[in-house]
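Make the full structure from the sequences, and use the hints.
From first to last, the protein sequence lines are chains U and Z.
The first sequence begins at 1 in the working numbering and counts up by one.
The second sequence begins at 1001 in the working numbering and counts up by one.
Derived from the structure by calculation, the hints contain no laboratory data.
In silico BS3-like cross-links for lysine-lysine, where the CA-CA straight-line distance does not exceed 30 Å: (1) U:Lys142 / Z:Lys1015; (2) U:Lys216 / Z:Lys1313; (3) U:Lys97 / Z:Lys1025; (4) Z:Lys1313 / U:Lys128; (5) Z:Lys1326 / U:Lys71; (6) Z:Lys1313 / U:Lys160; (7) Z:Lys1313 / U:Lys112; (8) U:Lys97 / Z:Lys1313; (9) U:Lys61 / Z:Lys1326; (10) U:Lys203 / U:Lys222; (11) U:Lys160 / Z:Lys1395; (12) Z:Lys1326 / U:Lys113; (13) U:Lys67 / Z:Lys1326; (14) U:Lys113 / Z:Lys1313; (15) U:Lys19 / Z:Lys1395; (16) Z:Lys1313 / U:Lys61; (17) U:Lys176 / Z:Lys1313; (18) Z:Lys1395 / U:Lys113; (19) Z:Lys1326 / U:Lys112; (20) U:Lys71 / Z:Lys1313; (21) U:Lys19 / Z:Lys1313; (22) Z:Lys1015 / U:Lys112; (23) U:Lys61 / Z:Lys1395; (24) U:Lys160 / Z:Lys1326; (25) U:Lys112 / Z:Lys1395; (26) U:Lys97 / Z:Lys1007; (27) U:Lys97 / Z:Lys1015; (28) Z:Lys1227 / Z:Lys1163; (29) U:Lys113 / Z:Lys1007.
Taking beta-carbon pairs under 10 Å as the criterion, some of the chain Z residues facing chain U (in silico): (30) Asp1012; (31) Val1019; (32) Asp1020; (33) Asn1024; (34) Arg1311; (35) Lys1313; (36) Gly1316; (37) Ala1320; (38) Thr1324; (39) Arg1325; (40) Pro1397.
Each residue gets a CB set at the ideal place from its N, CA and C atoms; glycine is no exception.
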Amino acid sequence: MISLSHVSKSYFLGEEEVKAVSDISIEIKQKEYLSILGTSGSGKSTLMYLIGLLETPTTGKITLDGKDVSKLSDDTLSSLRNRYIGFVFQSFNLINKFTVMENVLLPTRYVKKGLDFNPVSRTEDLLKRFGIWERRNFFPNKISGGQQQRVAIARALIMKPEIILADEPTGNLDTKTGDEILDILEDLNKDFGVTVILVTHEKVVADRTKRKIYIKDGALAKKYL
Amino acid sequence: MKQFLTKTQVDDLTKAAVVDFRRNKVRTVLTSLGIMIGVMSVVMLIALGLGLKNYLKQQFENLGANLILVLPGSGFSGSGGGSFGAGLVGGVSFDERDTNNLARIPNVKYTVPVYFSNTTVEADGEEMFAYIMGVNEEMFSLMNSEILEGEVFGKSEVAARAKVAVLGGRAAENLFDQPEDAVGKTIRFENQRFKVIGVLEKTGDREQDNSVTIPYKTTFGSINPDKTFWSIYLGVEADRDIEEVKAKAEEVLLKRYNEDDFSVTEQSELLSTFNQIFNIVNGVLVAIGSISLLVGGIGIMNIMYASVTERTKEVGIRRAVGATRKDILMQFLTESVLLSVFGGVLGLVLATIIVLIVRFFFPAAINFLAIVITLAISSGIGIFFGVFPARRAAKLPPIEAIRYE
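Set out below in structure tokens:
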């Protein structure tokens, strides 16, 4: 469903060109459960943002369902992110002045063409499923890290996306809570057929997925480290 | 063409901004304060200017309708534009020859020489600052004066240089406990004693009400040794004669004076001159008031820039979940416009309250146009000063924004 062919991404730090991702070609199929494994600074996050359409490649081509997305307008890319992609971040990235409920509903505010579901009842379903319904009117800084990450996952799921991109989702959590979050992500893949892409530097985390992509110095590698 | 924003989107944006303001009450109020003060001062200045205009109009309406004023100086006619100052000072002084010449013009019903000065007048141990008017007996008919008590002087008293005085309503009140008691009493000014023979009803005109009117010939001693007049009032029979009499009067005076030394004008012209002056004064005042609006706008821009920086991460998150650049732009723009309009409405309410209080003393007025313009300007300021920070927010690269701590 998503394929990258010879994708590179470079930044300019002053005069110096830094190649964060260099010549990566991968194919991600529907309903896949995979991980991108690499050390910090390996370019794995940039790769994830490229897949998540938050970045456009410097060279190469990214196609989503056969469509080349490299040259799309900001409006179209935003709408694709809104419809197809859900992000889960290491630091949760909830908006602190919004309640749990408002955070989960946030993506529905950017729908341009109407929803095929009731956003409030879907939020209720998701929050109940993750056991945080009683926390719906709390602000993010009043609930635990594990609960915050569940809210973030609920937000990522509200638009019924096809892909969940999780960037070090367990990085700020203790092992037990982290495992619970990974269980949730695994269930999403198993029960609902959502494509889950896990970006991590921990081999144990990556080991839970069916497919692993190793990345080193911005390029694909045969194995970790 | 695609519609820019649907009503639901506007509702959503407004609701989101209001929710945000509620959670930042102090900052919201402080940010709006600048616009509030700006709008308040502009509205109040307009209201006071209008009040001043109304007040002047009232004053002029108290003068007779078919009145022609012969005044010293050139620029008082309203056509001169910038040189009206010359009419207030300088120019010639008129004398009895002028009065006699002007009186011979056909259709002139009244010819009143006007000697004018101000001085301290005392009576029964009371003192006041009053306007001394030296006129002839025709003045009272020309001004439609109403007598409260006693009588006014006539031709014979003028000819005899009688030391009699007619008091304006307020002058009589100030000098005597009961204005009605003034008749028959003595008042003193310029080392001379005058017998009060009459008191006039109050007219609402400050000068008339505070005046002491005496026969002009009586001034011809130590008060007015040059035997000159500040002005000559002409009363004409009918409206339609005004233009002709004016032309004739100019012709008569040109035989003795230069064109620049005098002016012949009628009340409505004078009113339009004053209106011109006050429009300029008003414009200047509003311009000064607008500076505070500008400062308020810059205040909003400042806060919005700070807000964009503070909320960089929020922008990144919103972009990640599907907000377009336009969504972000509109979000920040809505906030600055609402802040500005909120301040504008608050300023308008305060100005209205103040003007309502001022109305007890002064005919200040708020007009609807001023309100509409003020609100339009304050939302305009919100857009203008909001667009720069909003654009900065919209242009933030999502990745950098989301990583921002």
